[in-house]
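Asker: Sequence:
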Amino acid sequence: MRRRVLRNLFLASSLVGLAQLMTPTDADAEARLALVIGQSAYRTVPELPNAANDAKGMTELLGNAGFTVTTAANLAQNEMRAAISDFAGKVSASGADTVALVFYAGHGLQIDGENYLVPVDLDPKREADIPLQGVRLNDLLNTLGALPTRARIFMLDACRNNPFPALSGAGHGLAIVDTKAGAPGSFISYSTSPGAEAEDGSGIDSPYTTAALTVAKQPNLPIEEVFKRIRIAVAQSTDGRQIPWESSSLTTDFRFFGGESSGGQPALPGASAMALAGGTRSVADWRKDLQGKEPKAAYELVIADDTVEAYQAYVELYAQASYTPRLRTILERRRQMLAWERATAINTRASFEAYLANWDNSDLAATARRLLLRVQNRNYALPVAAAAAPAPVAVAMAPTCPCSAPSTPATPVNPALAPVIKKRVDDTPPKRKVVETPPKPRRPPPDEVVYERAPPPGPSPEAVGVGIGVGIGLGMGMGGRGGGGYGRGDYNRGRY
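For the sequence shown, the residue numbers in the numbering used here are 6 to 501.
Source of the hints: derived by calculation from the structure; they are not laboratory data.
Every residue gets a Cβ at the ideal spot worked out from N, C-alpha and C, and that includes glycine.
Heads up, a few of these hints could be off.
To be verified - Computed list of lysine-lysine pairs in DSS-like fashion (alpha-carbon distance at most 30 Å, straight line):
#1 Lys293 - Lys61
#2 Lys185 - Lys298
#3 Lys222 - Lys185
#4 Lys301 - Lys222
#5 Lys95 - Lys301
#6 Lys61 - Lys95
Said to hold, decoys possible - Pair ranges (Cβ atoms, derived):
#7 Ala151 - Arg379: 24 to 32 Å
#8 Asp365 - Ala186: 23 to 31 Å
#9 Asn363 - Asn143: 20 to 28 Å
With the sequences and hints as input, model every part of the structure.
Answerer: Below, the structure written as structure tokens:
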């Protein structure tokens with residue numbers, strides 16, 4: 006009996022253990038695919054040793070987190086494009102219940118408001134070469150954004166300094182990418198703030214990757230909390246010189262390790278609060294929250310939030326704190342990058358003039374002037390294009406020869422001027438009006454005799470000629486008798 010009870014207990018415990026093993030975790034409930042790119046061996050500029058180490062460490066971390074990882078190193082432009090395309094194919098084949106993650110370590114550049122990942126074979130002679138030789142970050146975002154997935158995560162340790170001498174006029178760091186402007190379900194993390202440069206680090210990994218490898222291992226942390234802690238850790242390790250930045254449009258929760266399966270449930274409240282300038286808390290709200298706190302504790306709170314409102318409240322409350330000059334610099338640069346994002350997004354003469362009015366001495370001023378000239382040249386043709394469809398003109402008034410077409414006015418045609426236009430077009434003398442009437446009988450000249458009927462039977466033509474001559478002579482001299490009677494009658498018929 007005792008053996009039977011023990012056997013039943015053993016069987017029950019085995020079933021419980023099996024059920025626990027079969028209970029899905031976050032990694033089991035969803036497909037997880039990752040692409041890790043490490044760009045170290047640049048051919049025309051010094052190598053980045055830490056980029057290779059960063060890629061190796063992230064490959065191991067993501068593999069332990071349940072990701073199927075594709076690792077690629079030192080890619081030329083064509084190879085990088087092919088790697089992205091192949092990865093997109095895997096994500097597409099995996100289905101909609103997939104989390105796709107891309108980690109990139111290497112150089113990144115901002116040219117004319119566009120962000121570019123830098124292949125190892127890039128060798129620019131001028132800024133205009135970057136669009137031809139680089140890989141646009143937006144191409145990567147759009148390629149994965151077009152696929153049905155649960156979440157798309159982009160980790161970019163790509164804001165290192167610009168090493169290319171020919172690009173001395175390029176802006177520092179990367180431009181803002183707001184995930185809310187694209188497909189929902191994306192999360193993007195920069196290793197430092199927009200417009201700032203990240204450090205390669207003195208260790209085997211960069212400060213950003215070092216923090217990510219430590220923080221992401223902690224179980225049951227939503228992704229937003231993970232990157233808040235990464236931001237604080239990087240700010241501490243670099244003495245505030247580098248502060249990572251995130252933007253989120255996630256619609257589901259995600260954890261790297263542990264926790265119950267999200268099952269596609271909505272993200273936790275505040276999950277998208279990382280989006281730049283997307284917070285709902287005002288400066289006044291932050292002033293209330295920070296009031297009475299120690300400067301260091303308040304500093305960590307605003308760094309974790311990373312919004313203009315939080316930084317503004319801190320510099321107002323803690324004017325004498327040691328952290329304030331650092332945050333004032335961050336705040337100024339953040340406002341500048343927000344203005345730059347608006348200028349390039351609107352992309353008009355007015356938007357670039359507004360940027361230059363406030364940031365004429367910034368590192369992006371030269372680019373703003375170039376883009377301003379570009380849109381001015383584009384807008385120069387707009388009035389002609391707008392006048393290409395003027396007010397309707399009567400078909401009868403339209404020119405029939407292309408070479409004689411009058412120039413199109415810059416303003417719509419005034420209907421009241423239509424008669425004037427018609428007069429100018431029809432100013433040739435009018436043609437004589439032709440009336441179909443029977444022609445008048447033509448009068449013969451004086452020395453011509455017209456016969457209207459055949460002569461009566463009589464003498465030969467020679468005799469008739471003599472008779473006519475005699476008749477004419479007698480008629481004129483003697484009143485015409487005899488044969489002259491015929492001649493007189495014919496003369497009278499032919500007289501005017």
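Asker: Against each hint, give a clear statement of whether it holds in the structure.
Answerer: Hint-by-hint comparison with the structure:
Taken as a hint, the Lys293 and Lys61 pair is broken in the structure, with Cα atoms around 44 Å apart against an allowance of 30 Å. The straight-line distance between the Cα atoms of Lys185 and Lys298 is roughly 33 Å, outside the 30 Å bound, and the hint therefore fails. Note on Lys222 and Lys185: the hinted pairing holds, with a Cα-Cα distance of about 27 Å set against a maximum of 30 Å. With a C-alpha separation of about 26 Å, the suggested pair Lys301 and Lys222 falls inside the 30 Å cut-off, and the hint holds.
At most 30 Å may separate the alpha-carbon atoms for a hinted pair to count; Lys95 and Lys301 exceed this at roughly 46 Å. Between Lys61 and Lys95 the alpha-carbon distance is near 21 Å, which keeps this suggested pair within the 30 Å criterion. Separated by about 29 Å at the C-beta atoms, Ala151 and Arg379 satisfy the suggested range of 24 to 32 Å. The beta-carbon spacing between Asp365 and Ala186, approximately 27 Å, falls within the hinted interval of 23 to 31 Å.
For the pair Asn363 and Asn143, the supplied restraint of 20 to 28 Å holds, since their beta-carbon distance comes to about 26 Å.
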